[in-house]
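Enquirer: What follows is each chain in one-letter form.
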Amino acid sequence: MRRVMKLAAGFAAAAVMLAGCASDDDGDAGTSETGGSEDASVGLAFDVGGRGDLSFNDSAAAGIERAADELGITFQELSPNEDGSNRADLLRQLADEGHNPVIGIGYAFGADMDTVAAEYPDVQFVRIDGGPSELENVAVMTFADEQGSFLMGVAAALKSESGMIGLIGGNEGAVINAFAAGFKQGVAAVDPAIQVQDQRLAPGEDARGFDDAAGARVAAEAMYQSGIDVIYTPAGQSNIGTFQAAAAADAWAIGTDSDQWETAGDPELQAHILSSMLKRVDNAVFESVSTFLEEGALESTAYDLSTDGVGYATSGGFIDDITDQLDDYKQQIIDGEIEVSRTE
Amino acid sequence: MTRVVAWARGFAPTVVALGVALLVTALFILIIGENPLAALRALFDFGESPTAQANSLGVWINRAAPLFLSGLAVSVGFRMGLFNIGVEGQYRIATVIAAGVGAAIVAPAPLHVLVIILVAMLAGAAYAAIPAVLKVTRGVSEVISTIMLNSIAIGIAAYLIRRPFADPDLGEGENTTTRDLPESGRIPGINDLFGLLGLEEPRRPVYGFVFIAILVGIVMAVVLSRTRFGFELRTSGLNPSAATANGVSASSMTIKAMVLSGALAGLVGLPELLGESFRFSGESFVAGYGFTGIAVALLGRNRPLGIAGAALLFSFLDRAGPRLQSEGIPPAAVVIMQGIIVLCVVIVDEIGRRRLLRAEERRARVEDPQTVTEEVAS
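In order, the protein sequences belong to chains E and S. Sequential numbering of the first sequence, starting at -1, is according to our numbering. Sequential numbering of the second sequence, starting at -9, is according to our numbering.
Simulated from the structure, these hints should not be mistaken for lab results. Take these hints with a grain of salt, some might be off.
[Unchecked claim] Chain S stretches covered by chain E per the calculated footprint, using a threshold of three residues with CB under 8 angstroms from any CB of chain E:
#	stretch
1	32 to 46
2	67 to 79
[Claimed, not checked] Now the in silico label distances, taken between C-beta atoms and shown as ranges:
#	chain 1	residue 1	chain 2	residue 2	range
3	E	Gln329	S	Gly329	40 to 48 angstroms
4	S	Ala322	E	Gly315	46 to 54 angstroms
5	E	Gln223	S	Met138	35 to 43 angstroms
6	E	Asp189	S	Ile21	38 to 46 angstroms
7	S	Leu17	E	Ala60	30 to 38 angstroms
[What the hints assert, rightly or not] Where chain S lies over chain E, by a calculated footprint (3+ residues, C-beta under 8 angstroms):
#	stretch
8	79 to 91
9	271 to 277
It should be emphasised that the depicted structure is a prediction, and the values quoted were computed from it without experimental measurement. C-beta atoms are modelled at their ideal positions from N, C-alpha and C, and glycine is treated no differently.
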């Protein structure tokens, strides 16, 4: 016992001394971001998971960093806690600290952002993804997930040899439903006879399905064994499980949000990532900031195929032989000849 | 006087544990190359403007209420030697049913709220009764069954908001939710109280449910320490065979303890439901209180007052998360600190227990040299 106390005391003393040393040379670094010519300061609140998710949040981070480089703005970023209960508090803190505009990444900011925006009528709020807002100082940047997914459906149907296609989604929420609806319409446009087997990793709006690589792998293995040879996987961080199963079964998987051929990095997996549906969150963040700097206000904007807000990745070169057909469908969607619905 | 001394001695280990936890966290912050003193300042930074300070205070209170109720629910099981990991699922089921039933009925204000609270407690109790009955009749470990029931609860809740409780006015392609609770089924915020105390009023509603939580805490303190049920519960937990020998039925106590634990768990989601969200939707529902409640109960040593303190401490740290980020410290620092605090408390408690045992041993030897004591681990 006495030895334990001695140890603890020594340890405590060392820690205090270390703390003292550090405070000498550390000063108040850490608060300053890039110093810019403009005095605009942007507040950015990530979705749950924060930086480093290789997908949605990282795409937003790339956008804000580009804005800092090219437009000389400063920014403060915050991540919500694990259960996402403090989203509204993050927005309040950013508004209180004088950041303008304040950007929230992800549809989950919906109700919280409307509440906070009503409290700070002089601050411009920007929501990346999600439903419309009635407030004047909330601009919503929406993505035509269904249009990008439609093209992935076309690619899957053209590349499938067995005529069996699967989909592994994160949950049954409205966003993933739009992905699934667009994808199935794309498949049907090529061959109406193909049935898409649609499986979700979590019921309802439960977000755990986006962080369940093991579950995705089990689901994908079962699908590949049943003869399916292409799987579309809008399931965030779970996608890696589908890619692993694809590599093991020597079949195809299609990623979402970022160019997952790039983010997966591993050559073994890359050989099985046919393409990815791109959701240009980075563009939306960058353009929100630049438009706000120029005009002092922001309008809600839809990012779709016509503005390259959504699209597809060609890394790996696996779909080079069908890009003509894909671009043909893309043009038809842009021209309005094909209307892609967000619901089935 | 002796009571005060005893109380202070009981409290001392927690203070030691807190100190150690703070030091370890400081070390961690040093390792990642940030300044621990700046972090400490940020921890106690409530914001610059009076409004921001009032907001922070509101956040603190709002987060503490569900953590306190969850800790209380877990502690009832712990007292009896039951590990109810199912608080998570129990409060999810209770909240969705309370939201659905609350939106469906019409009643005058105080009665409406009362009905919602009762429905939530009943739903939580019923869901907790499943593992209790399984344990008593089939010997199924409550640890396993409650974990499984947590997963099932997510599915049931998703079904309930999709079918029976679904808001019929939802547009196509919108996420499903229940209908909003009518005005009479809500508990007004206590923001005015801030004004009365001379503070600025917070911008977000501060849950009025916090007073109900305090009331529940007082009732539980009395029940545990002053009633026959509380005595039997504690006895069964401390020494099951002695309790059985004295006519306390282990199986009936198991069911009673789990049902009470579930009823308390049913309250966990209500501060938010009745004070701010007014409806249950998959994306706004805050999950995880059931698991954090386990840590809160441990830290509070299963006593209502201790749990209240633990809940306040945890929510104080949670509240500081965004401030720490402003100082460049990742939000994970808060989670690390919470984990280390619980770990330290458990370790310090164990050290204290062994010391007590050895002191007892020595006293016994002095009084009667013939006494043979079993060697306790050093």
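Enquirer: Against each hint, give a clear statement of whether it holds in the structure.
Expert: Hints versus structure:
no.	hint	result
1	32 to 46	holds (count 6)
2	67 to 79	violated (count 0)
3	E:Gln329 x S:Gly329: 40 to 48 angstroms	55 angstroms, violated
4	S:Ala322 x E:Gly315: 46 to 54 angstroms	39 angstroms, violated
5	E:Gln223 x S:Met138: 35 to 43 angstroms	26 angstroms, violated
6	E:Asp189 x S:Ile21: 38 to 46 angstroms	57 angstroms, violated
7	S:Leu17 x E:Ala60: 30 to 38 angstroms	33 angstroms, holds
8	79 to 91	holds (count 11)
9	271 to 277	violated (count 0)
The earlier numbered hints that this structure contradicts are 2, 3, 4, 5, 6, 9.
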